[in-house]
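Novice: Sequence:
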Amino acid sequence: MSADPLDRFSKRYPRLYHMAEAGSWTSVREHGLLSTTALLDLFEIDRPERREIETQWRPEGVPISHPIHGTAVIRDQWPMPPEHLANGLDDISPRQWYEFLNRRTFLWLAEQRLKRMLNAAPYRDAAHDVLTLDTRSFVGEYLERITVCPINSGFAMPMFGKVTKRSFESFQSIEQRASTGGLGGLAELTVEYAAPDAWRFVTSVESWRGKARQRIIWQR
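Position 104, counted from 1, in the sequence shown is what the working numbering calls 104; the numbers after and before it change by one each time, with no gaps.
Calculated cross-link-like contacts (lysine-lysine; reagent style DSS-like; alpha-carbon spacing at most 27 angstroms):
hint : residue 1 : residue 2
1    : 11        : 211
2    : 162       : 115
3    : 115       : 11
4    : 115       : 211
5    : 115       : 165
The set of hints was computed from the structure by calculation and includes no laboratory data.
Model the full structure from these sequences, guided by the hints.
Specialist: So, in structure tokens, the structure goes:
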């Protein structure tokens with residue numbers, strides 16, 4: 001990939017944002033940013049529990065535990081019930097979509113989208129760790145495993161009576177996006193499986209409750 005699309009992308013989206021459970025920063029420093037699949041691998045979760053987590057809708061967070069790694073919560077998928085999701089999928093099943101998303105870790109490309117998520121009804125009363133990362137260095141490290149998407153891929157509820165269509169092709173590399181649809185109007189960036197050294201590119205970690213910043217946990 002030439003430097004030009006990456007430079008243009010980084011200038012348009014200079015910061016990335018990751019919303020995590022309160023207290024997650026310690027785990028991120030040790031293990032990086034993990035997809036659901038990577039977290040299940042780390043915690044050595046086997047079938048049938050693993051199969052249910054990876055292939056079915058999670059209306060609530062799922063707590064898991066490990067004798068060495070302690071406890072963690074796999075985030076819910078409350079805005080992605082299968083009956084609504086199916087209406088927006090092109091030639092794939094909700095199960096395939098859940099599996100596809102569970103293999104990725106997600107970051108927002110705009111603070112506005114982050115705040116919208118933080119203030120969503122299921123989350124606004126809970127504290128969260130919000131990580132801000134430097135886009136240029138992070139993307140440079142994980143470029144081969146990164147895709148970008150113009151929609152919130154985890155939100156399948158109809159808006160104003162309309163359903164947003166989605167497919168595996170909604171996710172493209174930065175170079176593909178630059179050469180086809182352009183780099184504007186993107187919603188999220190994903191890394192396949194995990195970003196184990198993500199902590200190296202974090203510039204700040206803050207505690208948020210709803211849209212309100214509570215305190216700085218760590219700052220570079």
